[in-house]
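S.K.: Put the two chains together into one complex; each comes in its own frame, and the hints tell you how they fit.
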Amino acid sequence: MMPLKNKFIIYSAIIAFLGFLDATYLTLVHFRNTIPPCTIGNCETVLTSQYAVILGIPTALLGSLFYLSVILVCLLIMTNYKKIFHQAYYLLAATGLIVSAILLGIQAFVLHAFCQYCLLSAATSTGIAILAYLHYREQKNS
Amino acid sequence: MEKLTKAQKKALQKSEWQKEAEAAARKEQMKKFGLWGAVAVLVGIAIFGLALFVNKSPTSSIDTSQTVPMSSEYDIVLGNKNSKVSLIEYSDLQCPACASYHPLVKQILTEYPNVRYVYRNFPLTNIHPNAQIAAQAGYAANLQGKFWEMADALFTNQPDWEKSPSPQTIFVNYAQKLGLNAEKFTTDMNSQEAKKFVSESEKQAISAGINSTPSFFLNGARITASSYEDFKKLIDDAFEK
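Chains P and R, in that order, give the protein sequences. Position one of the first sequence corresponds to residue 1 (the numbering used here), numbered consecutively onward. Position one of the second sequence corresponds to residue 1 (the numbering used here), numbered consecutively onward.
Treat the hints with care, as some may be off.
The calculated label-pair distances, taken between Cβ atoms and stated as ranges, are [to be verified]: (1) P:K82 - R:L42: 17 to 25 Å; (2) R:N181 - P:V110: 31 to 39 Å; (3) P:Q50 - R:K84: 36 to 44 Å; (4) P:V110 - R:K203: 31 to 39 Å; (5) P:K82 - R:D63: 56 to 64 Å; (6) R:T110 - P:V110: 55 to 63 Å; (7) P:I84 - R:S166: 57 to 65 Å.
Everything labelled a hint here was simulated from the structure, so no lab data went into it. The C-beta atom is built at its ideal place from N, Cα and C for all residues, glycine as well.
Looking at chain R on its own, in the form it has when it is part of the complex (with noise of 0.2 Å):
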């Protein structure tokens, strides 16, 4: 074997040295390579993994087992009075749940004009202190033939009324821009049927097991939905059965 001189030996030292810190430095890379990859590939997982658990969650559902009468004398009726599809909901114009389900409802009522829907009454007096004026006051207008609109400018400016010491002020202003005749409504709306009208729904509500607005039926049958495509299925459904 040759023997190396001092210079060689050096140069030979030098290079391993090179080749160890490039190593280190290639393996540092490929650390640093393999942490962007992982959090990209965890990310990547997290927002397919939620689009799967959104789109798969329940969505709708109809429940035979949970029935309500198809109607009763304390209904608001809207729509084709004879349709084969009833949709029934039992709300409280005070409920803010109820008021987030509004424009699916009121977009319901514009695309499928030929179904029954059935307001009913459920104001949870407890919890919303001015719930029992306002279905008053959608008693009131429903007289006047504009519960609808009545029921679209309550839910819309819930938040103007619901703490309101004197809601019935706010109410008449609303029946005076509606353009009711804002002293039958005024009447109408402090009256004894109205008062009996909405209790009686109350009454008639708990008797058929309801504990929540907004709560839905569709012939009948306990419905769930959250959104208007879960709504358009289970209708579009009843109708072709």
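Chain P extracted, bound-state conformation (with noise of 0.2 Å):
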């Protein structure tokens, strides 16, 4: 099986995947150009504001493609451990979070409106940030 050292990356790579799901079905949502069924927070607003597409690009496309990417360097980690997929790791859950926060930012202050679909993909990027700390620490005490 796999070696234990790789836990983290086996919970990021979970994570990620639901997080992959939320961004993807967003995605999927938005080029349908259909207005997603809101429970809460008037999500309407967020994912159809001027933020919901950033330089042509749909803002959940970047989160698919952001998910996909952790899923494939902790395959890449797991399979053939080497040293820049270790980096590229931390990088992306670095770059997750920053970017996380400055989207939450953007619902709390200039929207003044939550949508579930962007807090859930904030809470993952935010547990994969965790778990990448985690593993950084492990790796850098054994």
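M.R.: Set out below in structure tokens:
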């Protein structure tokens, strides 16, 4: 089986998969030009705002690609233990955390509206960042 | 049986070890391939499943059990007034979801000039403090024949006035930009008639059983639609009937 030293990597991949489902759902909804079912907090406002598209690319699609990259890097670490993959993993995790913080800030202070799908994505990317930190600490100590 | 020399035995042992090591490496390789394959399949299934879900999830439907009157004296009517197809919307100018639907409705009005479009005020004043005055601004603009232009300005710039303590100033500014008579607009917006128009619309909406905005009705029957294509399909069907 997988060596135990990869447990944080495995958890990251699982969480990234959840984030991938979330972001891909929003991407599909975006390209279908439908307004997604919003149960709480005016998510229409968020998902149809100018921040839903960054330089012509839907933010949700960027999210999908981000989570897919995390899954890819986690697999690379699991199957080919190279330092560069670890560095890529840390970089991705940090980027995810920063972008999530910015998007959360836009929801709170600019749009004054939240969307549950976006909050879930913020949670998953924060989770990945925490796991990446734990993995980093473990690597340093071993 | 021939006896093997020591050197032969050693060589045999070595080749066996080598074979074992190769087998183990192959097994490891297979495992890696298996992992990659499994994840690739999982991601593929996820994308496919989500696409299926998004495509199948309830998009447009018509519910003939929930109906509203085809016309009322508090209607703002656009489009072809004699059309056989009436699209009625209960809306609140300060509601974010209504603002999200606004581009769809706008597209419908452009693509289907033959549809009778009815705008009915249903300001959710409990949660939207500026909804009432915004609806009055819509009323005032309508008196000068520019309701839709005003609604467009209000929906598009919703974040600029939704929290404003003096939205009237902003609305007068929009009226000026739209080429309305600002003085008449201001008087109309603050008139008793405007207040009554909006509060009566609200009462009628409540008695019609409306509980959220935007609520759409096609020829009186409740419809749900979440994209232009959904509306298009329902409207086309209504025209063909």
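S.K.: The structure should be examined with respect to each hint, and the outcome stated for every one.
M.R.: To see whether the hints hold, each was checked on the structure:
1. P:K82 - R:L42: 17 to 25 Å: holds (24 Å)
2. R:N181 - P:V110: 31 to 39 Å: Roughly 35 Å apart at Cβ, these two residues keep to the hinted range, so it holds.
3. P:Q50 - R:K84: 36 to 44 Å: holds (38 Å)
4. P:V110 - R:K203: 31 to 39 Å: 36 Å Cβ-Cβ, so the 31 to 39 Å window holds.
5. P:K82 - R:D63: 56 to 64 Å: holds (59 Å)
6. R:T110 - P:V110: 55 to 63 Å: Because 30 Å falls outside the window, the suggested range is violated.
7. P:I84 - R:S166: 57 to 65 Å: holds (59 Å)
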